[in-house]
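Novice: Now for the letters of each chain:
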Amino acid sequence: MSRLLDDLVHLSGLSPIFARTVVRRAIVRAGIDPESIQRRDVERVLPELRRALTVYLGDMGADDRAARIRRVINE
Amino acid sequence: MTPCRDHLLSILQTSRGDLVQRSTDIAFASNDTPMTREDVEQMMRACVTIIEEGLAGKTTEVRDGFLEALPEIALSTTWELTLKNGIPCWGVILGQLSAAASHEFRDEAIVFLSRFIGQWWSDVSKAMLPVFLAEGTL
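Read top to bottom, the protein sequences are chains A and B.
Take the first sequence: its position 73, counted from the start at 1, is 73 in our numbering, and no numbers get skipped.
Take the second sequence: its position 45, counted from the start at 1, is 45 in our numbering, and no numbers get skipped.
Treat the hints with care, as some may be off.
Per the computed footprint, the stretches of chain A lying under chain B, defined by three or more beta-carbons under 8 Å from a beta-carbon of chain B, are [said to hold, decoys possible]:
#	stretch
1	4–12
2	38–51
Here are the simulated distance ranges between beta carbons [as the list claims (entries may be wrong)]:
#	chain 1	residue 1	chain 2	residue 2	range
3	B	Ser30	A	Asp33	33 to 43 Å
4	A	Ala67	B	Ala29	40 to 50 Å
5	A	Asp33	B	Asp107	42 to 52 Å
Everything labelled a hint here was simulated from the structure, so no lab data went into it.
Quick reminder that beta carbons are idealized off the backbone N, C-alpha and C, glycines included.
Please build the complete structure, drawing on both the sequences and the hints.
Specialist: Shown next as structure tokens:
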């Protein structure tokens, strides 16, 4: 698994039971290969990831997580 | 959309937060696995969204996505843990949502939700049991 994928899984805030699967699927839906995702791809992935996170975290929780991911990845 | 399903959908849309929190408290207390309360709440939110889709009858996107992910999830868990983690969430939300229904819709609500959740577990079994059998963990 790529380091950035590891980071996104961790930053998603999702349960370890389904975090990896949910994040990978969101990345694929954005048209990107999860194993070779780069920092420059994250903005493209965020809308799909936010949408996926909403199911598990609610709207506010997903917005918070998406903002946190953007902040940490751009640091 | 039947009046009963419309009624249940309206309960979900107006009391979603309270319903999720109260149901999570009960399901978490019923679960003796290492899941955190936060993990249980996430599963409960997913259950509510899947039920909401089923009531509205317009899309099964979340349901389908969850089911498609299950064979992969099965590679890193067991059937026993899946049941221990999942059954309390589904059982509690069925009971809480039925209890929140008005008297005139309660019987129909219980029948609808029981069938819906039975079909869900049938599909979960079809998605996960072949993996557990192949991995020799069943």
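Novice: Now tell me if each hint is right for this structure.
Specialist: So, going through the hints one by one against the coordinates:
1. 4–12: violated (count 0)
2. 38–51: violated (count 0)
3. B:Ser30 <-> A:Asp33: 33 to 43 Å: 40 Å, holds
4. A:Ala67 <-> B:Ala29: 40 to 50 Å: Given about 32 Å between the Cβ atoms, the range is violated.
5. A:Asp33 <-> B:Asp107: 42 to 52 Å: 51 Å, holds
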